[in-house]
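Asker: First to last, the protein sequences are chains A and B. Here the first sequence stands for residues 1 to 137, numbered as in the numbering used here. Here the second sequence stands for residues 138 to 208, numbered as in the numbering used here.
Just so you know, the hints here were simulated from the structure itself, not pulled from any lab data. Misleading hints may appear alongside valid ones.
Said to hold, decoys possible - No farther apart than 25 Å at their CA atoms in a straight line, the calculated lysine to any residue pairs in the SDA-like style are these:
(1) A:Lys66 <-> B:Thr182
(2) A:Lys66 <-> B:Asp166
(3) A:Lys66 <-> B:Ile178
(4) A:Lys66 <-> B:Glu158
(5) A:Lys66 <-> B:Ser149
(6) A:Lys66 <-> A:Pro91
(7) A:Lys66 <-> A:Leu26
(8) A:Lys66 <-> B:Pro165
(9) A:Lys66 <-> B:Val171
(10) A:Lys66 <-> B:Pro147
(11) A:Lys66 <-> A:Leu87
(12) A:Lys66 <-> A:Gly31
(13) A:Lys66 <-> B:Leu150
(14) A:Lys66 <-> A:Ser19
(15) A:Lys66 <-> B:Val172
(16) A:Lys66 <-> B:Leu160
(17) A:Lys66 <-> B:Val173
(18) A:Lys66 <-> B:Val145
(19) A:Lys66 <-> A:Leu102
(20) A:Lys66 <-> B:Leu185
(21) A:Lys66 <-> A:Ser120
(22) A:Lys66 <-> A:Val53
(23) A:Lys66 <-> B:Ala174
(24) A:Lys66 <-> A:Ala123
(25) A:Lys66 <-> B:Leu151
(26) A:Lys66 <-> B:Cys167
(27) A:Lys66 <-> B:Leu146
What the hints assert, rightly or not - Covered stretches of chain B, as calculated for chain A (at least 3 residues, CB under 8 Å):
(28) 148-160
(29) 172-184
To be verified - Cβ-to-Cβ under 8 Å is the rule here; a few derived chain A residues that face chain B:
(30) Gly43
(31) Leu49
(32) Thr60
(33) Gly71
(34) Gln72
(35) Phe76
(36) Ile98
(37) Trp131
Every value quoted in this text rests on a predicted model; they were computed, and no experiment measured them. Positions of the beta carbon are idealized from the N, C-alpha and C atoms, including for glycine.
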Amino acid sequence: MIEDFGTTALPYILARLRSEHPLFELTIETGLGPDLLQRLEAGSVDLVLSKRVAGRNQGTALCRQKLVWVGQPGVFEAGHDIVPLVLYPFPSTLREIILRTLREHGLRWSIRFESASIASLRAAVQRASEWLHSGSA
Amino acid sequence: MIPNGVNVLPYSLLPALADAEYLLDWRPDCTDSVVVAFGSILRLTAPLIIQQLVEDQTPVVLAAGKVAERL
Numbered sequence: 001m002i003e004d005f006g007t008t009a010l011p012y013i014l015a016r017l018r019s020e021h022p023l024f025e026l027t028i029e030t031g032l033g034p035d036l037l038q039r040l041e042a043g044s045v046d047l048v049l050s051k052r053v054a055g056r057n058q059g060t061a062l063c064r065q066k067l068v069w070v071g072q073p074g075v076f077e078a079g080h081d082i083v084p085l086v087l088y089p090f091p092s093t094l095r096e097i098i099l100r101t102l103r104e105h106g107l108r109w110s111i112r113f114e115s116a117s118i119a120s121l122r123a124a125v126q127r128a129s130e131w132l133h134s135g136s137a
Numbered sequence: 138m139i140p141n142g143v144n145v146l147p148y149s150l151l152p153a154l155a156d157a158e159y160l161l162d163w164r165p166d167c168t169d170s171v172v173v174a175f176g177s178i179l180r181l182t183a184p185l186i187i188q189q190l191v192e193d194q195t196p197v198v199l200a201a202g203k204v205a206e207r208l
């Protein structure tokens with residue numbers, strides 16, 4: 001299961017599952033989508049909820065999500081020539097989408113923080129102005 | 138799912154990103170009833186929960202009861 005879903009909806013879903021199957025035993029792991037899909041192919045997990053680029057996938061589509069750029073005001077503005085990034089590590093799908101988009105538009109970037117933890121990524125973005133010198137962006 | 142204290146940056150500043158899609162993939166030969174039930178619940182609830190989270194934009198972590206109320 002991808003981590004952003006695991007930190008939001010999972011408690012509710014587990015509670016409902018417990019009510020329907022009181023004796024169930026289930027092992028749930030969070031991780032990066034491509035890693036989890038590899039494990040599915042290898043047979044070491046039974047079910048994977050992942051996020052991928054829309055429109056070219058096998059699997060049961062649950063919903064689409066519009067992706068947007070977010071940042072603290074002033075961290076990246078018009079005139080800055082290098083985009084400072086806070087990203088999941090390789091092989092994250094979101095990382096792939098972001099870097100491919102920048103590459104296709106001829107933009108330069110600098111990966112300033114990366115983590116597999118969404119809590120760490122959120123904290124890094126929320127406090128970027130304190131540790132990211134905007135003049136270098 | 139946008140953290141507090143940050144803004145959505147306009148596409149005039151950075152190019153539009155492709156949409157992402159949440160997908161559920163199953164091991165084809167899996168017949169475990171709990172896994173099947175878990176997958177069914179995910180299939181039914183995940184779109185609603187994700188939509189709610191995206192629309193609200195504020196919650197970072199929701200307790201189980203809170204999500205149940207929203208549904």
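Asker: Next step is simple, just say for each hint if it's right about the structure.
Answerer: Now the hints, each set against the structure:
{"no.": "1", "hint": "A:Lys66 <-> B:Thr182", "in the structure": "holds (19 Å)"}
{"no.": "2", "hint": "A:Lys66 <-> B:Asp166", "in the structure": "violated (33 Å)"}
{"no.": "3", "hint": "A:Lys66 <-> B:Ile178", "in the structure": "holds (23 Å)"}
{"no.": "4", "hint": "A:Lys66 <-> B:Glu158", "in the structure": "holds (9 Å)"}
{"no.": "5", "hint": "A:Lys66 <-> B:Ser149", "in the structure": "holds (17 Å)"}
{"no.": "6", "hint": "A:Lys66 <-> A:Pro91", "in the structure": "holds (20 Å)"}
{"no.": "7", "hint": "A:Lys66 <-> A:Leu26", "in the structure": "violated (31 Å)"}
{"no.": "8", "hint": "A:Lys66 <-> B:Pro165", "in the structure": "violated (29 Å)"}
{"no.": "9", "hint": "A:Lys66 <-> B:Val171", "in the structure": "violated (32 Å)"}
{"no.": "10", "hint": "A:Lys66 <-> B:Pro147", "in the structure": "holds (14 Å)"}
{"no.": "11", "hint": "A:Lys66 <-> A:Leu87", "in the structure": "holds (17 Å)"}
{"no.": "12", "hint": "A:Lys66 <-> A:Gly31", "in the structure": "holds (21 Å)"}
{"no.": "13", "hint": "A:Lys66 <-> B:Leu150", "in the structure": "holds (17 Å)"}
{"no.": "14", "hint": "A:Lys66 <-> A:Ser19", "in the structure": "violated (33 Å)"}
{"no.": "15", "hint": "A:Lys66 <-> B:Val172", "in the structure": "violated (29 Å)"}
{"no.": "16", "hint": "A:Lys66 <-> B:Leu160", "in the structure": "holds (15 Å)"}
{"no.": "17", "hint": "A:Lys66 <-> B:Val173", "in the structure": "violated (29 Å)"}
{"no.": "18", "hint": "A:Lys66 <-> B:Val145", "in the structure": "holds (12 Å)"}
{"no.": "19", "hint": "A:Lys66 <-> A:Leu102", "in the structure": "holds (17 Å)"}
{"no.": "20", "hint": "A:Lys66 <-> B:Leu185", "in the structure": "holds (15 Å)"}
{"no.": "21", "hint": "A:Lys66 <-> A:Ser120", "in the structure": "holds (22 Å)"}
{"no.": "22", "hint": "A:Lys66 <-> A:Val53", "in the structure": "holds (11 Å)"}
{"no.": "23", "hint": "A:Lys66 <-> B:Ala174", "in the structure": "violated (28 Å)"}
{"no.": "24", "hint": "A:Lys66 <-> A:Ala123", "in the structure": "holds (22 Å)"}
{"no.": "25", "hint": "A:Lys66 <-> B:Leu151", "in the structure": "holds (15 Å)"}
{"no.": "26", "hint": "A:Lys66 <-> B:Cys167", "in the structure": "violated (32 Å)"}
{"no.": "27", "hint": "A:Lys66 <-> B:Leu146", "in the structure": "holds (13 Å)"}
{"no.": "28", "hint": "148-160", "in the structure": "holds (count 12)"}
{"no.": "29", "hint": "172-184", "in the structure": "holds (count 10)"}
{"no.": "30", "hint": "Gly43", "in the structure": "holds (6 Å)"}
{"no.": "31", "hint": "Leu49", "in the structure": "holds (6 Å)"}
{"no.": "32", "hint": "Thr60", "in the structure": "holds (4 Å)"}
{"no.": "33", "hint": "Gly71", "in the structure": "holds (6 Å)"}
{"no.": "34", "hint": "Gln72", "in the structure": "holds (5 Å)"}
{"no.": "35", "hint": "Phe76", "in the structure": "holds (7 Å)"}
{"no.": "36", "hint": "Ile98", "in the structure": "holds (7 Å)"}
{"no.": "37", "hint": "Trp131", "in the structure": "violated (14 Å)"}
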